[in-house]
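Residue numbers for the sequence shown follow our numbering, so the first one is -12 and each next one is one higher.
I should point out that these hints are in silico values taken from the structure, not numbers from a laboratory.
Don't take every hint at face value.
Pairwise CB distance ranges (calculated) [claimed, not checked]:
(1) 161 to 0: 36 to 44 Å
(2) 164 to -3: 12 to 20 Å
(3) 77 to 117: 22 to 30 Å
(4) 40 to 88: 29 to 37 Å
(5) 63 to 147: 33 to 41 Å
(6) 66 to 20: 48 to 56 Å
25 Å max Cα-Cα, derived SDA-like pairs, lysine to any residue [said to hold, decoys possible]:
(7) 0 to 37
(8) 0 to 94
(9) 0 to 26
(10) -8 to 4
(11) 0 to 51
(12) -8 to 2
(13) 0 to 23
(14) 0 to 60
(15) 0 to 66
(16) 0 to 46
(17) 0 to 73
(18) -8 to 37
(19) -8 to 3
(20) 0 to 47
(21) 0 to 63
(22) 0 to 151
(23) 0 to 65
(24) -8 to 12
(25) 0 to 35
Computed from a predicted model, the values in this text were never measured in an experiment.
In this text, a Cβ means the ideal position worked out from N, Cα and C, and glycines have one as well.
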Amino acid sequence: MNEKKDGRLERGKARRELLLDAAVTVIANSGAGLLTHRAVAAQAEVSLASVTYHFPGIAELRQAAFDHAGSRIGLAFRALIEANLETPSSLPELAGNYALTLVGESRQDTVAVFAMILASSHDESLRPVIRELDGHLADLLQTYVGDHSTALILSSSIQGLILTHLATGTGSDELRAAVTTLVRRFASQPEY
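Given these sequences and hints, build the entire structure.
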């Protein structure tokens, strides 16, 4: 049977993506506390009904926005690491340069993720997403540092440096150097 596609599925996916991009923008510009269906509708220039159709409750919208921004950040870092598996010694520089990407071209996603991390102190439903994102980053760093626990510490430390940069506006060269040095110091020591 030859069925024609009418495009609804693709349009639905595109609309959901548009709404999530708008939600990330709202969070990055105004904070997680001001994320509402109305704010997303206004940012995306769509009807309120469109937002509530895709995300019936605010909890679903918050979780989806956090996952959306976090996934973009995480997938980009994963691709960078996987492209350089043959040269693990380059990880400190890769991490330092990627930190600059996070505060530069990916700034909105980064700010949104940090806003949602802070929001999780009041909204337990966001905590599993945070643990998942932290776990993925630690998985990427584990080979370099030796174990998962140390990788989680390194992940949190990198996040702290990036958050401080976002809050204080320290220079890009300082951020890159700090992240590069930090990752280098966490390198697993060869066993003798």
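Hint check results:
Residue 161 and residue 0 have their C-beta atoms about 40 Å apart, which keeps the hinted 36 to 44 Å range intact. Distance hint check for residue 164 and residue -3: the Cβ-Cβ separation is about 45 Å, which falls outside the suggested range of 12 to 20 Å. Take residue 77 and residue 117: their Cβ atoms lie about 28 Å apart, and the range 22 to 30 Å holds. Separated by about 34 Å at the C-beta atoms, residue 40 and residue 88 satisfy the suggested range of 29 to 37 Å.
Taken as a hint, the range 33 to 41 Å is violated for the pair residue 63 and residue 147, whose Cβ atoms sit roughly 20 Å apart. At about 32 Å, the CB distance of residue 66 to residue 20 disagrees with the hint of 48 to 56 Å. Taken as a hint, the residue 0 and residue 37 pair is honoured in the structure, with Cα atoms around 12 Å apart against an allowance of 25 Å. Straight-line distance between C-alpha atoms of residue 0 and residue 94 comes to about 24 Å, which keeps the hinted pair within the 25 Å bound.
At most 25 Å may separate the alpha-carbon atoms for a hinted pair to count; residue 0 and residue 26 meet this at roughly 20 Å. Distance hint between residue -8 and residue 4 is fulfilled; the C-alpha atoms sit about 20 Å from each other, no more than 25 Å. For the proposed pair residue 0 and residue 51, the alpha carbon gap of about 13 Å is at most 25 Å, so the pair holds. Between residue -8 and residue 2 the CA atoms are separated by roughly 17 Å; this keeps the pair inside 25 Å, and the hint holds.
Annotation: proposed proximity of residue 0 to residue 23 holds, straight-line Cα distance about 20 Å (limit 25 Å). A hinted pair counts as satisfied when its Cα atoms are at most 25 Å apart, and residue 0 with residue 60 qualifies at roughly 20 Å. Restraint check for residue 0 and residue 66: satisfied, since their Cα atoms lie roughly 23 Å apart, inside the 25 Å limit. A distance of roughly 20 Å separates the Cα atoms of residue 0 and residue 46; the hinted pair therefore holds under the 25 Å criterion.
Simply put, residue 0 and residue 73 have alpha-carbon atoms about 36 Å apart, too far for the 25 Å limit, and the pair is violated. Restraint check: the Cα-Cα separation between residue -8 and residue 37 comes to about 22 Å, which is no more than 25 Å; the hinted pair holds. Only pairs whose Cα atoms come within 25 Å are accepted, and residue -8 paired with residue 3 is accepted, the gap being roughly 19 Å. Proximity of residue 0 to residue 47 is assessed by CA-CA distance (about 16 Å); at most 25 Å being required, the pair is judged to hold.
As the CA atoms of residue 0 and residue 63 are separated by approximately 21 Å, the hinted pair is consistent with the 25 Å bound. A hinted pair counts as satisfied when its Cα atoms are at most 25 Å apart, and residue 0 with residue 151 does not qualify at roughly 35 Å. For the suggested pair residue 0 and residue 65, the alpha carbons sit about 24 Å apart, so the restraint of at most 25 Å is met. Pair hint residue -8 plus residue 12 does not hold up; C-alpha atoms about 32 Å apart against a cutoff of 25 Å.
Note on residue 0 and residue 35: the hinted pairing holds, with a Cα-Cα distance of about 17 Å set against a maximum of 25 Å.
The structure fails hints 2, 5, 6, 17, 22 and 24 (numbered hints given earlier, in ascending order).
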